[in-house]
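One letter stands for each residue in the lines below.
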Amino acid sequence: MKTYKFFTTIFSSMVLLLAMSCSDATDIVQDGELNEAAAIKDVVDLQSALNSVYSSYGPDFGGNGSGDVIYFNAIFTDNLKSGVANNGQGSQAYGFLVDISGNSISEFLWPNRYLTIFRANIALNALNNLTIESTDLDEANHIKGQLLALRALAHFDLFQYFTSDYQNDAALSIINVDFIPTIADQFERNTVAETLAFIKADLNEAATLLDPNNSTSANPIFINNDFIDALKVNIALLEGDNSSTIMNLAESLLAKYPLANQTEYFNIFSDDSNAEVIFKLSRVNGTNGIGDLFYFNQVDPDDAYLEASNELYNELSEVPNDIRFFTNIDSQSNFIATNDPDNLLLIGKYPGSGDGLQINDIKVMRSAEILLIKAEMEARNNMLVEAATSIQDLRTARVGTPQPLPVYTNLNDALVDILKERRKELCFEGQRFLDLKRLGGELNIGVDRLSVDCESFEAPCNLEANNFRFTLGIPQSELNGNRVITQNSGY
Amino acid sequence: MKRKFSGMLTLFLALVVQLTFAQEKTISGTVTDEIGLPLPGTTVLLKGTSSGTSSDFDGNYSIKANTGQVLVFSFIGYTNQEVTVGSSNTINIVLQESTSSLEEVVVTAYGGVSTLRASAAAVSTVQAVILEDRANASAIQNLQGQVAGLNIATGTGQPGADSLIILRGPGSINGNIEPLFIVDGIAVDEDNFRSINPNDIATYSVLKDAAAANIYGNRAANGAIVITTKRGNFNEALKFQYTSTYGYNELQDQPFELMNTSEILNFQRTYDEGRGAGLTNSEIATIARQVNTSWTDIFFRKGTTSSHDLAITSGGENSSNYTSLQYFEQDGIFIGSEFQRFTIRNNFNGKSSDDKFNYSMNVSLGFSETNELDNAGSGNTFFNPFSAALQGLPYLSPFDADGSLTRDGGIQPGDITALLAAGATNFPYVLLNSISFNTDKEEEIKILASFNANWNFAENLTAGVQMGADLGTERRTEILHPESILGPFQSDFSVDAQFGGVQEEYYTRDFRFNIVNSIGYANTFGEVHDFDATAYFEYVKGHFDGFNFRQEGIDPRLVGTGAGLIAGRTTEEIDGETVNPYIPTVGRTDLNVGNLSIFGTLNYTYNNKYGFSASIRRDNSFRFVEENKWGTFYSVAARWNIDEESFMDNTAFNLLKLRASHGVSGNDRIGSGYYSSLDDTRELFGTGLSYNGSNGTFPNQRANVTLRWEETTQTNIGIDFGLWKNKFSGAIDVYEKTTDDLFQSDRISAINGQGTISSNIGSMVNKGIELDLKYTIIQNKDWNVSVFANGSYNKNEVEQLPPSTDGLVNLGGSTATGEGEPLGSFYLVRYAGVNPSNGNPLFYTADNQLTETLTDDDRVFTGKSIYPVWQGGFGASIRYKGFELSNQWSFVADIYRNNLDFADLEEGSQGSVENGRNRSVSLFNAWENIGDITHIPRINSSLGSVDYINQTDRYLEDASFLRLRNITLGYVLPRKFLENIPITGFRVYVQGENLLTFTKYRGWDPESNFRTTDRGQFPTPKIYTFGATINF
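Chains as they are written, first to last, in the numbering used here: chain A, 435 to 925; chain B, 29 to 1060.
By construction, these hints were calculated from the structure, which means they are not laboratory data. Please note: incorrect hints may appear among the correct ones.
Stated by the list, open to error - A few chain B residues that don't get close to chain A, going by computed Cβ distances all over 10 angstroms:
#	residue
1	Gly96
2	Thr308
3	Phe395
4	Lys469
5	Phe650
6	Phe713
7	Tyr719
8	Gly781
9	Ile785
10	Glu827
11	Leu913
12	Glu934
As the list claims (entries may be wrong) - So, partial list: chain B residues that the calculated Cβ filter (under 10 angstroms) puts toward chain A:
#	residue
13	Thr271
14	Ser272
15	Gly275
16	Glu278
17	Phe521
18	Leu619
19	Leu712
20	Thr833
21	Glu935
Unchecked claim - If you want the footprint, here are the derived chain A segments under chain B, 3+ residues with CB under 8 angstroms:
#	segment
22	467-480
23	585-599
24	820-832
25	850-861
For each residue, glycine too, the CB sits at the ideal point set by N, CA and C.
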């Protein structure tokens, strides 16, 4: 019986032991769980949060046949053809089969910009909850200014793609978000007027907070007051505001950011020059590689699954010595004859950098774009000679020798020429689709591909101007999670 | 049964005898079975006393007894026999196999043992002895086709790899769908059986319904599979069993008809692309004479299997022991695939001499090493070796100039032009090279340990404790060799960096622990009322931790060693910049889970005729917020042994039992993994590499505080029967299993920074019927012929999805989830063939019109799913004297899969002719001229294989199959040959695994782990082995 007493002791102590150690099976917090209070405690953490807002913004994201706006502007228009290594990448979008689910542009753009907005709002909220030391106040304000500007930028991107008519105040635009939503929140889109007012308010507030003396203000990979001004110019273009205030803003930016010379221009895209760059997104080893949008591994004659179109090649080669030809068409290309189906036309705008073979910074705003906007505003203000001069200035800078002054007899002439110049200047920078939406709609110019290009994909060659596809559809994922939102027509 | 101990105790009691001496005469004799084989260890008791003995290895016994006394001979699985001692001093006994034989022992939860007669639950038990000759590295694979409703789906031919296990259909959408696995009371990792010795297993019990599985609560919403291992018997002399096997594995028969050199060159010439473009007939003939490579033959091989097993059993009066050792080695049928295992196990049982206290300790240690091939299923040309084996071009020679098998096809490491030229034609060389140079190895140490004790400490009261631990540590090493063809590309600076290659290592430790305390009361009232009730308390913890590193840049002189890792601070000048190409990345993981439960069970039996049982439990999960933490679940079950009724007297039935059960179980595994979804109720932040290479802080999870238990309600009605002394026996079950509050991703507005969130929404039902039959056709001294069959029908239907989905969740792939449709349904545009006027593919629109335009709007539910509706197995066993021939077939039907392997072989889209890959000869049927009627569109049309797979049903194929899972021929040497040697038994056998398959599926292997699409997967092999078992 002694043994049994021993067992009794063992048994009861085991039960007791268990009863005492229960909570470690019921209340388990994992290592590394970080809540807001622990995550953002001071200005250093705020900067860390700001970094993540910058890094989430991804116009260059994508690869292997799908992607955000830089990819989409190329694949959906007339700047690409199928590449030598293609095995299906991009064939659907190139064929104008633009849906709103899966790997569609809508499913890239919409979630990505709202993620940026969400992160910005989280950081802004944390900032408001913090007690900032007076010595940190300038720094905190500078951070807040950038957060507001990024929030405005993300809204502006969405505005451009999902709004059918930029100048119809009552038309539906996007959801404006300057708060932290709950998971149950569902909202209808705001109107054009509301969204533009929202964006401008953010930009204006940002302008008051950004510190020109902060070291990041001199670094184009961070947002400064000049980029705020550039965005304002860009917004005005969409609104149709060609006022002298805006024109003056453009002029002052151009004065501050003169156009690059030919060597500088070439070097801008290998990240060896910051000439004329108002804002670019830094991309370093370990972050997104934009080369993935066109190549599996690197710029190489056997590795391109997407190539520049013959049509673009022809336009870039119109004027001899145009540095944009050498920048956009890689020297390893193999040009056989005009419009030959076997032409190998390697995209050279993203040649890789010291950070990696596929990695380049993303130029969000260059002064060349400001100049082109200014030219368009001049044309619309019936200043046709001034518009022609602006275009001449750009061509002279790019070709390296003085170029003739174009002759515009009417607004239409000017806009057609500006549209063409924009294509040469801004191809593969996420502008072509927007240009065809905005200017093409007005000029009745749609997507018009050379047959040699569209046949490379067995795809249709044309998409008429003002087709419903020029306004993107709200993605299926949002329609599913948001029962009150209105879809754009055609989808 | 007057007293009801815990079941296991009952089992042992039957073996316990007191050995006493008396002065009477000595009776001796031999105990044999019906075939004449000796029955060692038979208990011989003097009736009415506790005196007795047991037979030795040869079945011989001797006992002292008085004339007129009665001897009782008993052996588990055989009917007791009583003989009155007469004048003879020799009594030879032939024991008859019992109608309530071993097969009828039913293992229930927490080590309990019941009999089939007394169980009210739906439990199928498989005696592992019938699986012992099998040659699969993973024990669990042997179970396929053995149990109605249980599907062991093996999706790879890698020896030792995991299978996906589904019991009675998939029970969750996002959550875990596999049953709980219990080995000797330890809840083990259901995804890992490679380090467990299959030959240690005694029984597999499949607990199907709520009554059986509910006792395991939150972990057993999908049922449970309870495995017991072998053990020694008390009072048993030392016994050895040694088994050795050797055999071969090879690729199963393949359905592909690939083009040969001449055919593919002609095909290329026709479309003026690739090497064949512009060649003359004689040039093609010349090449075809020189080279016609089957890359399948180069990559696949005949592998070998061998094993050595030694088991030692012994038993004393109060203790028994089982010890085993095993070495198992299997080379996969694909080059570079190897598996080795060493296991050691000890199972010890002990008890007090008054039987009131008993305990057991089971410990097993397994060490396994697996060499495997990554990237099965990948679309990455240079990394999927299985695609290379299928699609390599036949005009590429696999030999070097000196006639030896090439390791590189003449390609220099880092030569990007040679890699990418002609549509990456050379990729088979790259894969051969990678397999030859690279390392992909997993080394695992697994320890399973459990301790059980039961103490009948007072009249009718028993206390029990059970503790178990499953410790698995794994080291995974992956080295991409710097001198391999792909080696120089591995750093971010590719060929510009001095050192290439990558080494990654992962070291993980997974420790799972559970302890259950119980106290039970059992009593019998008025001779006919058996009653017992037990209360339990259970505590479960799991800890997973690991660390890993990845180093780009390996010194080729020191590959695989620590010294070979290039220092992270090393700088190089590249493109005029000073950079650090070799900075390693390191990672660490630490995850914890836990559960706490209290529960109780109650059983009542009236006169062995009626039985009722019930259980109720409260489970706590750390995964939910305070208000939702505790779930209450229950089950009730009843049985009626109709054969015990008087009106059943004189019928053929020896067993006829009707049983019914109903219950609710909970599941807290929101994601499928054991360590997944651990903090979904909290808003969390993350940090990481961010903008401009800085550190960033960001919100990475929105909380859903409404998460709660997923509940499965199951109702089961079954009949167990046996006729003509169990000559014909079986079971029929019908069930309905509804899962409510399904774990699913619900869509939320993207303004939350994420588009989905884990939620409990919707319901799904599995309804089915299961049938298990066994018929013994002949049974006599020389012959034993029996057949068995089992089958099940399971209809799965998603009843309700989140309102946000409009009844349809389509994530863009080929399958979607729709209300009213089975889970894993293909949702595709129907392919209608080829337009004879232009060779373009035609599709049906949603309203059945023909169109050439492929759009998502025309997708419809095809009524075809990745999960089978019908499945089962059947087989026969024929024994004549010492010979035994048995076979077992298994089948699944009404199951579908997308066949991308075949689609790739018929790839004909624009620009793809020169994609460096071989084709199926069926592509010669492609449309060429106006008016051609064919099913294959013109070459250079716009859609490629992946488009067809993702969006259309063109390559959606019926993956039903019937497979000869196993056939075994064995021979037991007659005892007369062994009389003068110290061997008590000798058996030899040959067996074959997967020798025959009947299917319409046009891929490597119709069997899979319910994946949607087959692309470059590792097919399961045929295995032939020869084995010999010696007892001494």
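To see whether the hints hold, each was checked on the structure:
no. : hint    : result
1   : Gly96   : 40 angstroms, holds
2   : Thr308  : 22 angstroms, holds
3   : Phe395  : 29 angstroms, holds
4   : Lys469  : 27 angstroms, holds
5   : Phe650  : 4 angstroms, violated
6   : Phe713  : 4 angstroms, violated
7   : Tyr719  : 4 angstroms, violated
8   : Gly781  : 3 angstroms, violated
9   : Ile785  : 6 angstroms, violated
10  : Glu827  : 19 angstroms, holds
11  : Leu913  : 51 angstroms, holds
12  : Glu934  : 14 angstroms, holds
13  : Thr271  : 39 angstroms, violated
14  : Ser272  : 43 angstroms, violated
15  : Gly275  : 41 angstroms, violated
16  : Glu278  : 32 angstroms, violated
17  : Phe521  : 7 angstroms, holds
18  : Leu619  : 6 angstroms, holds
19  : Leu712  : 6 angstroms, holds
20  : Thr833  : 6 angstroms, holds
21  : Glu935  : 8 angstroms, holds
22  : 467-480 : holds (count 8)
23  : 585-599 : violated (count 0)
24  : 820-832 : violated (count 0)
25  : 850-861 : violated (count 0)
Consistency with the previously given hints fails for numbers 5, 6, 7, 8, 9, 13, 14, 15, 16, 23, 24 and 25, ordered from lowest to highest.
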